[in-house]
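Protein chains in written order, with my numbering: chain A, 6 to 333; chain B, 6 to 333; chain C, 6 to 333; chain D, 6 to 333.
No lab work stands behind these hints, which were simulated from the structure alone.
Each hint should be verified, as a subset may be incorrect.
If you anchor each label on the Cβ, the simulated ranges turn out as follows [claimed, not checked]:
{"id": "1", "chain 1": "C", "residue 1": "A303", "chain 2": "A", "residue 2": "F102", "range": "50 to 60 angstroms"}
{"id": "2", "chain 1": "C", "residue 1": "E268", "chain 2": "A", "residue 2": "E297", "range": "34 to 44 angstroms"}
{"id": "3", "chain 1": "B", "residue 1": "R30", "chain 2": "D", "residue 2": "R30", "range": "30 to 40 angstroms"}
Not everything, but these chain D residues come out facing chain A in the computed CB check (under 8 angstroms) [to be verified]:
{"id": "4", "residue": "M217"}
{"id": "5", "residue": "R221"}
{"id": "6", "residue": "P223"}
{"id": "7", "residue": "H229"}
{"id": "8", "residue": "N326"}
{"id": "9", "residue": "V329"}
{"id": "10", "residue": "Y333"}
By construction, the Cβ of each residue, glycine as well, lies at the ideal position given by its N, Cα and C atoms.
There are 4 protein chains.
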Amino acid sequence: MIRFALFGAGRAGRIHARNIARHPRAELVCVCDVDRPAAERVAGEHGARAASDPAAVWRAESIDAVLIASSTDTHVELLRKALGAGKAAYCEKPIDFDLPRVRAVVAEAAATDVPVAVGFRRRALPEYREIRRRIREGEVGAVEVVHLVSRDYRPPSPEYVAVSGGFLRDKTIHYFDLIPWVVGERPAEVYATGSCLVEPWIGEAGDIDTTMVVLRMPSGALCHIDNGRRAVYGFDERVEVFGARGMLRSEPPSVSNVARFGEAGIRHERYPDLYGEESFAGLLDAFILALERGEPPAPSLAEGLQAQLIAEAAVESLRRNRPVAVEY
Amino acid sequence: MIRFALFGAGRAGRIHARNIARHPRAELVCVCDVDRPAAERVAGEHGARAASDPAAVWRAESIDAVLIASSTDTHVELLRKALGAGKAAYCEKPIDFDLPRVRAVVAEAAATDVPVAVGFRRRALPEYREIRRRIREGEVGAVEVVHLVSRDYRPPSPEYVAVSGGFLRDKTIHYFDLIPWVVGERPAEVYATGSCLVEPWIGEAGDIDTTMVVLRMPSGALCHIDNGRRAVYGFDERVEVFGARGMLRSEPPSVSNVARFGEAGIRHERYPDLYGEESFAGLLDAFILALERGEPPAPSLAEGLQAQLIAEAAVESLRRNRPVAVEY
Amino acid sequence: MIRFALFGAGRAGRIHARNIARHPRAELVCVCDVDRPAAERVAGEHGARAASDPAAVWRAESIDAVLIASSTDTHVELLRKALGAGKAAYCEKPIDFDLPRVRAVVAEAAATDVPVAVGFRRRALPEYREIRRRIREGEVGAVEVVHLVSRDYRPPSPEYVAVSGGFLRDKTIHYFDLIPWVVGERPAEVYATGSCLVEPWIGEAGDIDTTMVVLRMPSGALCHIDNGRRAVYGFDERVEVFGARGMLRSEPPSVSNVARFGEAGIRHERYPDLYGEESFAGLLDAFILALERGEPPAPSLAEGLQAQLIAEAAVESLRRNRPVAVEY
Amino acid sequence: MIRFALFGAGRAGRIHARNIARHPRAELVCVCDVDRPAAERVAGEHGARAASDPAAVWRAESIDAVLIASSTDTHVELLRKALGAGKAAYCEKPIDFDLPRVRAVVAEAAATDVPVAVGFRRRALPEYREIRRRIREGEVGAVEVVHLVSRDYRPPSPEYVAVSGGFLRDKTIHYFDLIPWVVGERPAEVYATGSCLVEPWIGEAGDIDTTMVVLRMPSGALCHIDNGRRAVYGFDERVEVFGARGMLRSEPPSVSNVARFGEAGIRHERYPDLYGEESFAGLLDAFILALERGEPPAPSLAEGLQAQLIAEAAVESLRRNRPVAVEY
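So here's chain A without its partners, still in its complex pose (with noise of 0.2 angstroms):
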């Protein structure tokens, strides 16, 4: 049974809080935020409690991990604690928007063997994992082109757009994270171009709402991934990898597995949002048998500068407009 202390009572917290409580090899014992009555609520809800002082947490026995899910800016902190303590941490994208702060927790981390993980779900999403099984069983062959559709239903709301660091930072960095470690390599170079054609407010915040991005790898594979903030036709996320030997491609699934034939033709249904909440109990899982079996969790807190920079890179061509070579 891994007991776990929660930072963060807003949406990405209660997830998890939920998700904690739910599962059968994990406990939540404690909930901390700086706004106490949203603590109280969340861990009301699960039978834990709020922690009075969240000091006390890096010294209770009674606490195996911690869950990072407060604001961007306490994560580095909370992550040094955890690492002083000894506490197994697992900390949401992304690790901090300051680069230096970032390579210095990464360098902290390395010098210990505390198991962290940074919160890129994607990872532990199933047609994701067959996808990348099989590239290294060797079914399409070498990659040469990737190519990665995701789309929202709805854009989120403007307060969310305003703290979450840009589209590229925030959303597009899932598949930073997502192909170099379906593929195997990570990119050399990145280019990236976009617009804002979804939400004029977008636009005005000094956001994008669509984008292009091309990674070039070193082995000459090409990746093109096609990022926007909505989908009148339901969330969209697929992936085709195709190489020598054929491809594979992922298809989002249809609502049901009953399709209705009617005047207006075939009609299958898509869900508005997938990868939601569900995802979110997919790491936690993947981290909490990690845990158990001694391994170290994933993605890595490297790995997590890593998309990191590519975000970073991808920031830069389009402000530039060039291509710019990623420096790990």
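Knowing the structure of chain A, use the given hints to seat chains B, C and D on it.
Coordinates of chains B, C and D only, in the frame set by chain A:
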């Protein structure tokens, strides 16, 4: 160049006239119909002439073959004349509703070497030809189960139904021809049941518009036909053939290979009609090719009789509400 | 928390034991089996105890419900005891092969308000629930045609077949329960035919492994069941319900939503088995929910009898080779 | 009846010869080629004659139109003669590799009313015509994202590659013509990257065989082209057009609408080639139809130039490794 005289300037006749005229190796010489203006109209559309004396057709050296698309009660007489004159004949289905007359003309034809075909045109459809070929190549192993669905988009007119001979003899008979040809054996026993669910006037006319027929083959294979007069989502005809080694399944094609993803889901449009005029052309082409090669055209008159015998067993099964052995 | 005693530690019993133990609102208290070591083994796996005196179950206040998964000939006696003791009961199908005994216990149950369910677990499958709901909402209009295919991946063992009651009573009966529930009326007449095509030993045992059944509904709707014991491409179960306004069709899901495009074509993999252990859990959950809500669980004993009456009519139809009216 | 002289008896010329000969409203009068025996062979196959004096073509009243399928360096000269002689011209792509020459002949043509078309034959494909029409009817709303994949089954010969002008100018140029025509605006900027991954000899010849191109439209719409020289699973060309109201997606059709369900899964076979010879016929037919109707044929010479200008920007982008503005 095969030179045709066409008997019948009704719906089927007009389609055949155009197909003959368009065929690169066929010529429409003359058109005969008791409705002389109709014959003139159809002939005029394709640079042919209306026959002033139909009897002259049989003497004319300029005629190689006759296409019999006149009313069913005239088929046998025309076939006899064609056999006597040594002219190849393509006869629309059914041969005749009177089985002794059919048996007689089949016997007469067997005593000549005049090539005669009956117009069960599903035999010319590429999907059925492919499934038959792949069965023969052993792809599904021994055939155990066949399931065939056929639903028209809209019911025909009351006038059509009145002279059709009934649903089983008019429509389901296509599959009584098709299934033995595809599977390689003919049914020993037939069970048919049916309802009038689509249009009350069909029931009032003593007919059904929805039927299920089960055919038992000598090998023990079981075949099911699910046949109806209406489908709001478009013409629906498909077959699956299942055996020890797998299954082959055809699916009616969508109108185009463009799918629409909208708020209501993913939409593929179906054809309102599919095996219409172009399927006439396919069997005509096969007939012409057989004549050119000196091979017997298919389906033969004997096969035309066979389909009718199965249909009659189905009609009797429906009437007596029990399975009926087919006597060939 | 519903506290269960389980009767039967065989294959079905073991699945039920695990499902009860895993259920968040159920508890497995004890396991009874004439094979005492088997009962102890199953009980031990889930922290329950083997009942030393099965009779004590009926007096025990710590038992709310019994799950009857013992051999078929014991069901009625156990049901009677449950009715007498006022304990809710979930009974595996069939209730008993002796119809008068079944009628008697159905009558007894009707005179009490003890909740009893029969384990036709397809009712819990989401695709069937969805199709039923959408039919009721009028999506296809009046139902005219149903076509259900069910093919297992591999035949069961000779031992299983020997005590199964025959293919129609063992397997096809699932659809004799399912179709009336989905469609909203029960068949007036049944025609069944069958063959032994998969394994000769099945025929030697006097059974069939391939069947086609046609059900005629009072409304005139026609339903077809195409049921077999083996499909090399994996478990294949699907239904289409067609009506005046369109069609709903379920399709067995592929193993994953990843397709492989290779030299041999595009490949989607199917499951070898699908409606196995997890479908047991679905109906158990529905049973528990009904108890919690004070609603009658489904399928009821009377519905269990109904499915058996249809199955008996099918058996008689197969034997006599003619359609048989179902007497309820 | 449009009477054609054909220039060029190579691969494309032979296809055009046959398509002209087969066309019901066209006639192949003569064939010109510097390889006189080749011209005679092609002419002989279709009942035409080899031109003994090509110059006579321009004076012949029996010639209405010329089809220019000779080597690229001869196109401009032949176009000029056609303009001078007032003969309609269908010119294979590209017009010429020398852009000033192309600009000059475009200007000359603009000063006449001689109908001239350039052979970007994807415009005649029904799926692209349908998508374009449906976009114009507003089905997807404002276009935001286009993604086009095109992968040949097998790479062409080294001889072909050597004179092709390079992958972007030879193959990707089809989509530089297609996308602006489908979407309704032409790109402001192009980013192209590429690799040699399929055949080392292609790289040794200074070319690429795998490319990704991103087009930025003035509206902010982003278009991606993923183009390669080989796909083991068959020819793969498809497009998706995404906008505010939904998405249209074409899918390459399977070889037949028969699927095989076997031990290895469900298999749909793809074509090795698809947009081959028949796509030549489609654009030829559109050309003939335009001449008959007195409408300007498409794509126009100016559009042919436009596609080349985009291709040149792509070539420069690839060489300089940065996005390049297209100058029209």
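Each hint, compared with the structure:
no.: 1; hint: C/A303 x A/F102: 50 to 60 angstroms; verdict: holds, 55 angstroms
no.: 2; hint: C/E268 x A/E297: 34 to 44 angstroms; verdict: holds, 42 angstroms
no.: 3; hint: B/R30 x D/R30: 30 to 40 angstroms; verdict: violated, 20 angstroms
no.: 4; hint: M217; verdict: holds, 5 angstroms
no.: 5; hint: R221; verdict: holds, 6 angstroms
no.: 6; hint: P223; verdict: violated, 11 angstroms
no.: 7; hint: H229; verdict: holds, 6 angstroms
no.: 8; hint: N326; verdict: holds, 6 angstroms
no.: 9; hint: V329; verdict: violated, 10 angstroms
no.: 10; hint: Y333; verdict: violated, 20 angstroms
Checked against the numbered hints listed earlier, the structure breaks hints 3, 6, 9 and 10; every other hint is satisfied.
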